[in-house]
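Trainee: The sequence shown runs 1 to 360 under the UniProt record's numbering.
FYI, nobody ran anything at the bench for these hints, they're computed from the structure. You may find that some hints are simply not true.
[As the list claims (entries may be wrong)] List of simulated lysine-lysine pairs, DSS-like, C-alpha gap at most 30 Å:
#1 K213 with K46
#2 K213 with K83
#3 K210 with K46
[To be verified] Cβ pair distances, simulated, as ranges:
#4 L279 with L89: 35 to 43 Å
#5 Q319 with I98: 37 to 45 Å
#6 S273 with T47: 49 to 57 Å
#7 M73 with I105: 48 to 56 Å
#8 I101 with T47: 12 to 20 Å
#9 I215 with T47: 18 to 26 Å
#10 N292 with I207: 32 to 40 Å
Computed from a predicted structure; not experimentally measured. C-beta atoms are modelled at their ideal positions from N, C-alpha and C, and glycine is treated no differently.
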Amino acid sequence: MSEQAVVDIWHSEAAKGKAQREGHRSRKIWPKLKDILRSFLLSWWKTIFTISCMLSVSVDPLFLYIPVTNEDMKCLRLDHNLKTVTLLLRSAVDLPCIVNIISQILAVRPRQRRRVKLVEMAKRILWPYFLVDILAVLPIPHVVILILLTRTRKISNPNARKLLNSLILFQYFPRIFRMYQSCKVNKEEPDEEEADKTRYGDHGHRICFKVYKFILASHVLGAFWYFFSIQRAMDCWQYACRKEKKCGDNTFDCGGNHSFKNVTFINDFCPISTPNPTLFNFGIFMEALQSNIVGSTDFPQKFLHCFWWSLQSLSSFGQTLETSTYAWENLFAVCISVIGMILFLIYLNAVLQVSGRVFI
1 MSEQAVVDIW HSEAAKGKAQ REGHRSRKIW PKLKDILRSF LLSWWKTIFT ISCMLSVSVD
61 PLFLYIPVTN EDMKCLRLDH NLKTVTLLLR SAVDLPCIVN IISQILAVRP RQRRRVKLVE
121 MAKRILWPYF LVDILAVLPI PHVVILILLT RTRKISNPNA RKLLNSLILF QYFPRIFRMY
181 QSCKVNKEEP DEEEADKTRY GDHGHRICFK VYKFILASHV LGAFWYFFSI QRAMDCWQYA
241 CRKEKKCGDN TFDCGGNHSF KNVTFINDFC PISTPNPTLF NFGIFMEALQ SNIVGSTDFP
301 QKFLHCFWWS LQSLSSFGQT LETSTYAWEN LFAVCISVIG MILFLIYLNA VLQVSGRVFI
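Produce the complete structure using the sequences and hints provided.
Mentor: Structure below.
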């Protein structure tokens, strides 16, 4: 073998060795890049999911603003523009939750291409959290608004109103729990070296989150105050009908044929401008009826009015509320007082933690 051939073989072997080393190096770098990209996308996804959870609990109370009264005809109808917007918003904020449910199912699938029993997959899923996600994403308001209240036109039926109350409350608790869990998971613990730098910033975020809870509670309770005001007005209408025996329970549907045109006897039994508690006491709902926000389709106007009423009631722990003897009204007032005190203690605890003291 000539000397030139030996040199060529040596160069080819050196080139192969260099290529192998570069291949090993690229195989070591690529997993690191994949991990960095995966952690970056996961961090963004956690943020998006947390924001969607916070928005979802803010959208649900909007369903309670959809019913609108007609004081002149003493009937009830739906605000179709608000209904459409609310249904679209609810569908949009539920998309991240649906993606999260699908990702949980796909995450437990084994990498091997073989059939796996459902029992083995079930063991890998955290069923309590998975069940909460399922309950939170169920389209219960869609079904109630589109089918129960719109198609059957039974919104004036007291049983339909009670069902709407129960279903919204039933689904609201899983959505609150999901928001709490997402905020808890998304919270990053600082390193020991950065603990002193981020301590005050972390407490600042906590205080902002406590304020958000107070604003959210005002939004939710204000929406229920609006909806309960409509229910209380309809209770009085039905009470007047039972006394005079001139109408039925379905007479108060604005889209139906009224069996009577004269509603003066309802005005006599349910006076709004000059209240008479001996005839019918509206209690804490009188302000909503006198201001006629229950008959307005101007959403910003009635939303801000209800929000301010609730914020004022929470801030005073319900001391400004003058209730009637109606049991559910008193229970609602008690909830406002208790929630106001709890939120105040939570906020006070967060403020004291900034100064290095723990109250609770």
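Trainee: Work down the list of hints and note, for each, if the structure agrees.
Mentor: Right, here's what the structure says about each hint:
no.: 1; hint: K213 with K46; in the structure: 20 Å, holds
no.: 2; hint: K213 with K83; in the structure: 25 Å, holds
no.: 3; hint: K210 with K46; in the structure: 20 Å, holds
no.: 4; hint: L279 with L89: 35 to 43 Å; in the structure: 40 Å, holds
no.: 5; hint: Q319 with I98: 37 to 45 Å; in the structure: 43 Å, holds
no.: 6; hint: S273 with T47: 49 to 57 Å; in the structure: 51 Å, holds
no.: 7; hint: M73 with I105: 48 to 56 Å; in the structure: 51 Å, holds
no.: 8; hint: I101 with T47: 12 to 20 Å; in the structure: 18 Å, holds
no.: 9; hint: I215 with T47: 18 to 26 Å; in the structure: 20 Å, holds
no.: 10; hint: N292 with I207: 32 to 40 Å; in the structure: 38 Å, holds
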